[in-house]
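Engineer: Using the sequences and the hints given, assemble the complete structure.
From first to last, the protein sequence lines are chains A and B. Position in the first sequence counted from 1, then plus 8, gives you the numbering used here. Position in the second sequence counted from 1, then plus 1338, gives you the numbering used here.
Hints listed in this document are in silico derivations from the structure and should not be mistaken for laboratory results. You can take every hint at face value.
So, partial list: chain A residues that the calculated Cβ filter (under 7 Å) puts toward chain B:
1) Gly54
2) Leu55
3) Phe114
4) Pro115
5) Glu119
6) Trp121
7) Gly122
Just so it is clear, the structure is predicted and the values come from calculations on it, not from any experiment. C-beta atoms are modelled at their ideal positions from N, C-alpha and C, and glycine is treated no differently.
One letter stands for each residue in the lines below.
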Amino acid sequence: QVQLQESGPGLVKPSQTLSLTCTVSGGSVSSGGYNWNWIRQHPGKGLEWIGYIYSSGSTYYNPSLKSRVNISVDASKNQFSLNLNSVTAADTAVYYCARCTIAMAFPNFFEDWGQGTLVTVSS
Amino acid sequence: QSALTQPASVSGSPGQSITISCTGTSSDVGSYKLVSWYQEHPGKAPKLMIYEVTKRPSGVSNRFTGSKSGNTASLTISGLQAEDEANYFCCSYAGSRTYVVFGGGTKVTVL
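Structural biologist: Pasting the structure below:
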């Protein structure tokens, strides 16, 4: 079973950049048939998909966040990362990384998730 | 406001069956057989329970059943057990622009 673990600061100041890393073990970010995702959950709310990256470096982001998001991958470290800039209190959420199984170019299901990490945006 | 609508809570006694609904639109649930369900216990990573509307991953109990009718998908848990007490959320592919959408989650309580 592939395991994912989020890491990064739990507190970010408004207007700064939120940076998180997801470390993958038991599998490789270079494996075909998957993409690697960031998803968040605001307190008391449902989940919101942020974006994905393939091992090739190809990305796609939620249109509502696209202007502030960058996802990158480092195959040598078996990690992928999220940068979200110009954060506000509205970005306070639990952030998850997750591996999505792709079938015929469609996202089939999120097979493996990290436990999630709470990021609070506050001065 | 989540894209997919789920009841906030559902409860049942041990041994009973419960059903959790997940209502979307013709742009997501109604158009694709790419609905999945996840179980989440506090502090733990979400676990895949159902994918492609009705399929169970290896290791998931056959007490969990998925279905879909129109724009609404459902997860049924039969023979409810104490260990089933958790938060459950649904997910659907929503087209190439939106990609995926999630439900708000349903808290299942075993009485």
